[in-house]
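J.: Sequence:
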Amino acid sequence: MKYLILIPISLLIIATWACKEEAPETVTVVPHNNIMQYLEQESKSLTEHFSAKSISTEEWDSIRPVKYHQFIEMMGFNMEEDRDPPKVYPRGTLKQDGFHIEKFYYESLPNLFVPANLYVPDNISNPRAAVIYLSGHSHGQKVNYQAHARRLAELGFITLIFETIQFGEVWGDHWGPYNKGWFNWYSRGYNPAAVELWNAIRGLDYLATRVDVDMDNIGITGISGGGSQSWYFAAADPRVKAAAPVCGAGTMDSQVGERRIDGHCDCMMINNGFQMDFTDIGALIAPKPLLIAQSDRDELYGIESTRQFYNSLSEFYSKFGAENNISLVETTGGHSYHPVSRKAIFSFFLHHLMDKNVAPETIADIETNAENLLPADSLNVYNGTPPATDITKTIQHSFIQTAEPPIINSRDALIAQQNKVKDYLKTRTFGAFPDSALAFDGEMIYRTADLSKFGNNTYSFNSEKGWRLKVDIFYRQPQEEKSPLLLVLRSPGEERWESEGYANKMAENHNIAYLEVRGVGEVGWAPELNWHVRRAAAWIGRTKASMQVYDAMRALEFCRTLPEVDPTKISIAGRDGMATIAMYAALMDEKCESMYLSNPPETHNQTSPKNGRDFALELLNVLRITDAYQIPALAYPTKTYLLNEIPPAYAWSDTVLNKAVNEQLYIVN
237 MKYLILIPIS
247 LLIIATWACK
257 EEAPETVTVV
267 PHNNIMQYLE
277 QESKSLTEHF
287 SAKSISTEEW
297 DSIRPVKYHQ
307 FIEMMGFNME
317 EDRDPPKVYP
327 RGTLKQDGFH
337 IEKFYYESLP
347 NLFVPANLYV
357 PDNISNPRAA
367 VIYLSGHSHG
377 QKVNYQAHAR
387 RLAELGFITL
397 IFETIQFGEV
407 WGDHWGPYNK
417 GWFNWYSRGY
427 NPAAVELWNA
437 IRGLDYLATR
447 VDVDMDNIGI
457 TGISGGGSQS
467 WYFAAADPRV
477 KAAAPVCGAG
487 TMDSQVGERR
497 IDGHCDCMMI
507 NNGFQMDFTD
517 IGALIAPKPL
527 LIAQSDRDEL
537 YGIESTRQFY
547 NSLSEFYSKF
557 GAENNISLVE
567 TTGGHSYHPV
577 SRKAIFSFFL
587 HHLMDKNVAP
597 ETIADIETNA
607 ENLLPADSLN
617 VYNGTPPATD
627 ITKTIQHSFI
637 QTAEPPIINS
647 RDALIAQQNK
657 VKDYLKTRTF
667 GAFPDSALAF
677 DGEMIYRTAD
687 LSKFGNNTYS
697 FNSEKGWRLK
707 VDIFYRQPQE
717 EKSPLLLVLR
727 SPGEERWESE
737 GYANKMAENH
747 NIAYLEVRGV
757 GEVGWAPELN
767 WHVRRAAAWI
777 GRTKASMQVY
787 DAMRALEFCR
797 TLPEVDPTKI
807 SIAGRDGMAT
817 IAMYAALMDE
827 KCESMYLSNP
837 PETHNQTSPK
847 NGRDFALELL
857 NVLRITDAYQ
867 IPALAYPTKT
877 YLLNEIPPAY
887 AWSDTVLNKA
897 VNEQLYIVN
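Residue numbering for the sequence shown is 237 to 905, as defined by the working numbering.
It is worth saying that the hints were derived from the structure and are not from the lab.
Each hint can be trusted.
Capping the alpha-carbon separation at 27 Å, the derived lysine-lysine pairs in DSS-like fashion look like this:
id: 1; residue 1: LYS875; residue 2: LYS741
id: 2; residue 1: LYS718; residue 2: LYS827
id: 3; residue 1: LYS555; residue 2: LYS477
id: 4; residue 1: LYS718; residue 2: LYS805
id: 5; residue 1: LYS629; residue 2: LYS339
id: 6; residue 1: LYS741; residue 2: LYS718
id: 7; residue 1: LYS689; residue 2: LYS741
id: 8; residue 1: LYS658; residue 2: LYS701
id: 9; residue 1: LYS895; residue 2: LYS656
id: 10; residue 1: LYS662; residue 2: LYS805
id: 11; residue 1: LYS718; residue 2: LYS689
id: 12; residue 1: LYS656; residue 2: LYS805
id: 13; residue 1: LYS827; residue 2: LYS701
id: 14; residue 1: LYS875; residue 2: LYS662
id: 15; residue 1: LYS289; residue 2: LYS303
id: 16; residue 1: LYS895; residue 2: LYS827
id: 17; residue 1: LYS629; residue 2: LYS323
id: 18; residue 1: LYS658; residue 2: LYS895
Every value quoted in this text rests on a predicted model; they were computed, and no experiment measured them.
Work out the full structure, taking the sequences as your base and the hints as a guide.
T.: Structure representation (structure tokens):
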């Protein structure tokens, strides 16, 4: 999809990024080395540090454009590009008592077709307020939720209801990492929520062409997936005047800390490279009228969580003098509507879109008798035969355009691409790296004159808040001398001495250090947690691999502080998936002399087992800018040595290095 817009890098690069040589943060660190505690800690931090919490409206006026563009970029399209109205394909009209239903489908992107019904009150003489009903995860969506559209039409609203790419007349996919192992979605920067938001925007583009629609009075509502989409739509499209999401949002603290995320579809949170909480999305809606409806025993959204972000948003709304524009309706029960919430929504739209003050209790509820509703064959638009060219089932492959390999024929071009990639990764992939590094607080915890020619020392150091790692150094050279060092990343599940056998094949004049990054060995976790960890980490703006890259970078920097290490001659090594971690650590560290790789994966665009129990290669958004096979060239002047052979895709790096700087990839046997 060719709608991506990037915020200027200069606005976003974090000044004190990662492991640079700024003064370290001096704090008392209590390490837990526990991934569940870490995810809870970081999700709580996102919720507590609501970006608009303590700023004035004047400050928000300057910050909001950046936050808005971050939000849209995470979705993956461009709201600033001119759009023609979507092409609409009529499929018939159904006459009902007091309104009629227009059946059609529209083309939101080339060959992406959206089945829809439009409920239009009879005898319209002037443009009417319109409501877009956003469907949740229910089979036969525009059929299942028709009672809501019917009631809105009876109240006088033109009402559009369309189907998502999942559970409609054509079944595409919302579930990628959730149950198919498609964790490469994170690397692509793809989330099905973005497709749904785009389809909603295009539906509104269609309504804008109709003379019977009052575009100054547009409302949106929906439950569950339609509830979360109501938040996104109201934040993204300035044409939306009022929103009423139902059972569709919770704080990140609750979603991750209480593991409610495990029940969620992948569409329920944006591809969160800029680390937003739902409260931040709510701030983008302010001061528009917003009614939040939430049940009190919802498995997916705790009522305490909803109250928390409602209170935060209410305080924010009050800064605009708009405290009356936001309300919370609590109902009893599980993840569902209640007559109280439905009637409150009807009253809300009547007030804000039609300037009518009607008490909720005086409004009739929706029709609940199925015999009085229409069957699927009446409301469906395809009747079993969707357009032959429809790409609903494959939209995940094309909605986000992955980066093409650049043409690089000179040193200047190589350095320019290197800087472009690193600047992008700092803000879009590794943006969750701490703004300031912790003090290492290094300590020798073991030493012996055995195990290597000149002995063995083990050090511990702080990597990130809560994580204390060990680096185990075996000395081939006298410890009294500053010598080159090779840092070897141990692999998950490796056999005893496996890394040692690998390391002995290379860098003979180097001392050898071994490191277990998060997810490996002593700082690992049970394999059955991987599915949860990989999804939860992405929801809070990082991945398992990005955490491991940070650990490797911190270890490189720590080793440079040791008196027996020549800080200008440190190299890094990794096998299989750990080769990927080694490459990105070398790229972002910028000081590695060499990297030694064995069987490095050729791309981030690969799937996993459904249970997520393989090596986690995903890095947020990385495929929008580069891919694994390009990193050896982009890490120049770091030299790359590959064990036994150059994997086919890596020939690109070998060619670029040869053309641009008369270098190459080296083979070690």
